[in-house]
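Please model the entire structure based on the sequences and the hints provided.
Protein chains: 2
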Amino acid sequence: MTKIRKAETSDKNAVWEIIREVIAGGDTYVFDPGSSKEEMLDYWFSPEKHVYVATETKESAGGSKQENIVGTFWLKANQPGLGDHFCNAAYMVSPSAHGKGIGRKMAEFSLEEARRLGFTAMQFNFVVASNTAAVRLWQSIGMEIIGTVPKAFRHKTLGPTDAHIMYREL
Amino acid sequence: MTKIRKAETSDKNAVWEIIREVIAGGDTYVFDPGSSKEEMLDYWFSPEKHVYVATETKESAGGSKQENIVGTFWLKANQPGLGDHFCNAAYMVSPSAHGKGIGRKMAEFSLEEARRLGFTAMQFNFVVASNTAAVRLWQSIGMEIIGTVPKAFRHKTLGPTDAHIMYREL
Numbered sequence: 001m002t003k004i005r006k007a008e009t010s011d012k013n014a015v016w017e018i019i020r021e022v023i024a025g026g027d028t029y030v031f032d033p034g035s036s037k038e039e040m041l042d043y044w045f046s047p048e049k050h051v052y053v054a055t056e057t058k059e060s061a062g063g064s065k066q067e068n069i070v071g072t073f074w075l076k077a078n079q080p081g082l083g084d085h086f087c088n089a090a091y092m093v094s095p096s097a098h099g100k101g102i103g104r105k106m107a108e109f110s111l112e113e114a115r116r117l118g119f120t121a122m123q124f125n126f127v128v129a130s131n132t133a134a135v136r137l138w139q140s141i142g143m144e145i146i147g148t149v150p151k152a153f154r155h156k157t158l159g160p161t162d163a164h165i166m167y168r169e170l
Numbered sequence: 001m002t003k004i005r006k007a008e009t010s011d012k013n014a015v016w017e018i019i020r021e022v023i024a025g026g027d028t029y030v031f032d033p034g035s036s037k038e039e040m041l042d043y044w045f046s047p048e049k050h051v052y053v054a055t056e057t058k059e060s061a062g063g064s065k066q067e068n069i070v071g072t073f074w075l076k077a078n079q080p081g082l083g084d085h086f087c088n089a090a091y092m093v094s095p096s097a098h099g100k101g102i103g104r105k106m107a108e109f110s111l112e113e114a115r116r117l118g119f120t121a122m123q124f125n126f127v128v129a130s131n132t133a134a135v136r137l138w139q140s141i142g143m144e145i146i147g148t149v150p151k152a153f154r155h156k157t158l159g160p161t162d163a164h165i166m167y168r169e170l
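Protein sequence lines, in the order shown, are assigned to chains A and B. First residue of the first sequence: 1, per my numbering; consecutive thereafter. First residue of the second sequence: 1, per my numbering; consecutive thereafter.
Among the clues, some could well be false.
[Unchecked claim] Here are the computed lysine-lysine pairs in the BS3-like style, where the Cα-Cα straight-line distance is at most 27 Å:
| no. | chain 1 | residue 1 | chain 2 | residue 2 |
| --- | --- | --- | --- | --- |
| 1 | A | 76 | B | 76 |
| 2 | B | 58 | A | 76 |
| 3 | B | 37 | A | 49 |
| 4 | A | 76 | B | 49 |
| 5 | B | 76 | A | 156 |
| 6 | A | 151 | B | 37 |
| 7 | B | 37 | A | 37 |
| 8 | B | 58 | A | 49 |
| 9 | B | 151 | A | 49 |
| 10 | B | 151 | A | 76 |
Because the hints were derived from the structure by calculation, they are not lab data. Owing to the predicted nature of the structure, the values given are computational and were not obtained by experimental measurement.
See below:
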């Protein structure tokens with residue numbers, strides 16, 4: 001069963017493993033696949049962000065339980081000051097845990113959490129258009145494409161690729 | 001005559017005066033009108049930015065010349081890593097120097113400069129829709145509205161106001 005909770009400092013190594021694997025593809029996130037652990041954790045855990053992890057707990061034959069971190073996301077204001085009522089977010093699922101609905105669980109949880117934090121809308125600024133699984137997931141939770149930036153992403157294998165801006169009210 | 005040059009540390013007080021006056025209106029930029037000098041200068045001059053000023057030189061009756069800073073703008077990559085070929089920019093003109101074409105001069109200069117720095121497109125993420133003078137200026141230099149975020153800006157007098165995303169190739 002997947003649970004979602006606030007990330008703790010002790011989760012950082014596991015979060016880095018997910019980030020490292022996700023950005024290695026150069027196909028879904030802008031971060032340079034060669035970005036360092038320190039650089040990416042500084043970014044992912046920067047002070048203005050609310051950071052969460054998705055976990056799965058496995059019970060061994062002996063009855064002991066082990067919690068594995070299988071996904072992570074953060075929420076933050078998309079703009080400062082007079083634009084800080086809009087939420088921005090980013091999500092990553094461990095490639096080894098794909099296909100289990102973890103992305104959807106994090107997405108649904110994040111909308112509720114963003115509401116709870118007082119945000120009135122969710123905005124994604126850079127959804128890689130060729131990442132159709134993500135685009136479909138966001139659309140299924142009510143996010144709409146409100147603009148597309150031509151060739152904003154240098155996809156590692158596809159080359160220049162569009163990026164969508166997506167939005168929904170909360 | 002208006003000239004444009006790289007900003008220097010000694011320009012910071014004059015740049016702050018422009019920022020202070022521009023954000024006071026709460027009608028064109030997201031920054032809280034109560035933002036401090038330190039906060040705004042840290043933002044405007046953050047290390048990843050190329051910062052410029054527009055100046056006018058006046059000659060006094062005695063023949064001495066005085067340079068006044070009447071505008072400022074910066075250029076930076078709109079995204080890290082695999083999105084860093086797109087430029088982002090922000091511009092401010094001293095309210096006392098409006099109507100002299102300084103915004104247009106900075107805009108035209110900035111496109112050339114962005115090209116020179118190797119960027120392949122310019123993207124603005126947050127152009128307040130009610131700021132029609134700015135929107136028209138950007139359109140006149142080839143920037144197109146590629147998306148509009150509903151009510152993304154809490155305008156000081158108009159209330160919830162849309163923000164445009166604008167773009168052009170370089």
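Comparing the hints with the structure gives:
1. A distance of roughly 21 Å separates the Cα atoms of residue 76/A and residue 76/B; the hinted pair therefore holds under the 27 Å criterion.
2. Among the hinted pairs, residue 58/B with residue 76/A is inconsistent with the structure: their alpha-carbon atoms are about 46 Å apart, more than 27 Å.
3. A hinted pair counts as satisfied when its Cα atoms are at most 27 Å apart, and residue 37/B with residue 49/A qualifies at roughly 24 Å.
4. Pair hint residue 76/A plus residue 49/B holds up; C-alpha atoms about 22 Å apart against a cutoff of 27 Å.
5. With a CA separation close to 23 Å, the supplied pair residue 76/B and residue 156/A stays within the 27 Å bound.
6. Distance check on the hinted pair: residue 151/A and residue 37/B sit about 37 Å apart at the alpha-carbon level, beyond 27 Å; violated.
7. Note on residue 37/B and residue 37/A: the hinted pairing is violated, with a Cα-Cα distance of about 33 Å set against a maximum of 27 Å.
8. Using a Cα cut-off of 27 Å, the hinted pair residue 58/B and residue 49/A is violated, with the two alpha carbons roughly 47 Å apart.
9. This hinted pair checks out: residue 151/B and residue 49/A have alpha carbons roughly 22 Å apart, not beyond 27 Å.
10. With a CA separation close to 18 Å, the supplied pair residue 151/B and residue 76/A stays within the 27 Å bound.
When held up to the earlier numbered hints, the structure conflicts with 2, 6, 7 and 8 and fits the remainder.
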